[in-house]
Amino acid sequence: MKLQNGFILREYLRPQVLPTTWCPGCGLGIVMSSIVQAVHHRGLAKRDVAMVSGIGCTGRMSGYVDFNTLHTTHGRAPAFATGLKLARPDLNVLVVMGDGDSMSIGGNHLVHAMRRNIGLTAIVVNNAVYGLTGGQASPTTPVGGRTTTSRPGSFERPMNLEALARASGASFFARATVNHTAALVKLIERALAVPGFSMVEIVSNCHVLYGRMNDLGDAAQMMQGMEPTTRRVNPVLLRRASMPQRLGAPEAPVDTSDTPFIDDPRIQRGVIFERAPRDDYAQRYHAMVAEHTALP
Amino acid sequence: MTVVERGIYRIELTRSMCKACGLCVAWCPQQVLAADEQAYPVVVRAEACVNCKACERHCPDLAIEVFAPEG
Chain L
1 MKLQNGFILR EYLRPQVLPT TWCPGCGLGI VMSSIVQAVH HRGLAKRDVA MVSGIGCTGR
61 MSGYVDFNTL HTTHGRAPAF ATGLKLARPD LNVLVVMGDG DSMSIGGNHL VHAMRRNIGL
121 TAIVVNNAVY GLTGGQASPT TPVGGRTTTS RPGSFERPMN LEALARASGA SFFARATVNH
181 TAALVKLIER ALAVPGFSMV EIVSNCHVLY GRMNDLGDAA QMMQGMEPTT RRVNPVLLRR
241 ASMPQRLGAP EAPVDTSDTP FIDDPRIQRG VIFERAPRDD YAQRYHAMVA EHTALP
Chain B
1 MTVVERGIYR IELTRSMCKA CGLCVAWCPQ QVLAADEQAY PVVVRAEACV NCKACERHCP
61 DLAIEVFAPE G
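Residue numbers (my numbering), protein chains in the order written: chain L, 1 to 296; chain B, 1 to 71.
Everything labelled a hint here was simulated from the structure, so no lab data went into it.
Not one of these hints is a red herring.
For each label pair, taking beta carbons as the anchor points, the in silico distance ranges come out as:
hint, chain 1, residue 1, chain 2, residue 2, range
1, B, C52, L, D90, 35 to 45 Å
2, B, E70, L, P195, 39 to 49 Å
3, B, Q31, L, A182, 19 to 29 Å
4, L, P89, B, V50, 42 to 52 Å
5, B, C52, L, G6, 14 to 24 Å
Every residue gets a Cβ at the ideal spot worked out from N, C-alpha and C, and that includes glycine.
So that you can see chain B by itself, here it is in the shape it has in the complex:
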């Protein structure tokens, strides 16, 4: 059985590119992201990220990136 280590993925949001459309928040299966009062996404549960890249794939403005650790 493989043990999945959580909380190792880094999520970067580029505020200058983001249009607050809410797609990344809607697509995150682990509720890692949430909308702030201006509807921009913020990372609230970084430890729950499973690196599925659903947010990256569905971001129309290329404003979100998920990085896996090196190696």
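If we strip away everything but chain L, and leave its shape as in the complex, we get:
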């Protein structure tokens, strides 16, 4: 059930700093209200939630929400959050980052937070551009994407956050867009319930800097463009694709369970992977400390 916007404003945001400084139509506002709704649906009290953010448009979010908040240095939000989680394992720590913040300057911290599998919930808002500093190319700018630092079109291969999370050892990875808001709330809700490191990548729009340079239209057109360029991960379709002989297809079925629809250029959204829960990092750490500092 969708919460009333006025209720979100009164209960979960800081009205004295609103309206936000984000551009009109920016998807970050949708991300913020979705996070608040997910926290509400999980039944978490405001004092039990901490939001850590870095620098960038996304980093401003920690100023608007009325949780325990920490606005940290550029890219170091996962490092601060690791310390916070170790000191207070009872807190639900949300780390909110943009694509440049998390993958470029903070790539090392993100990788090691995922390697430790510490119980953070990382929200990576991916708009393929550095928004706050004037639209420079970011690690996720697609090949051919025109930005202020790649006028003829970016020629670098974009980073694959999904593969990075899988290889680094994260527990949960999901992808959503700001267009599909109901799924976005549900996915953040699921990520909050994961005991280990969980990550939700949110495809957002920067129509002011990226959309204008690439003729993608205004905010509404960019969001509606997310419908044909993404597709939902559908377990039934995946099963059907791995058993084509049962649908009367010719012989020699192709095993697509590992790399489903590799020729499909559309971005998958939904839960991409989820690992079985492992021991909590903070708990193991405190047990180790207690064991080694106990007096004989």
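With chain L's structure known, arrange chain B on it following the hints.
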């Protein structure tokens, strides 16, 4: 067959929060909202609202609310 009673939903716009981005106007499937000369949304066909909350969900500034009647 269920008879859907129209025109029972109340739409509230908070002008002080609104940035006139036009998302609610673009997303309304029933053309309830329209942009005025300053591009701010106004309710023009309140009776057509079906309470889908597409405008509420897509408002980045939490400036629009749809209320269903009590009970």
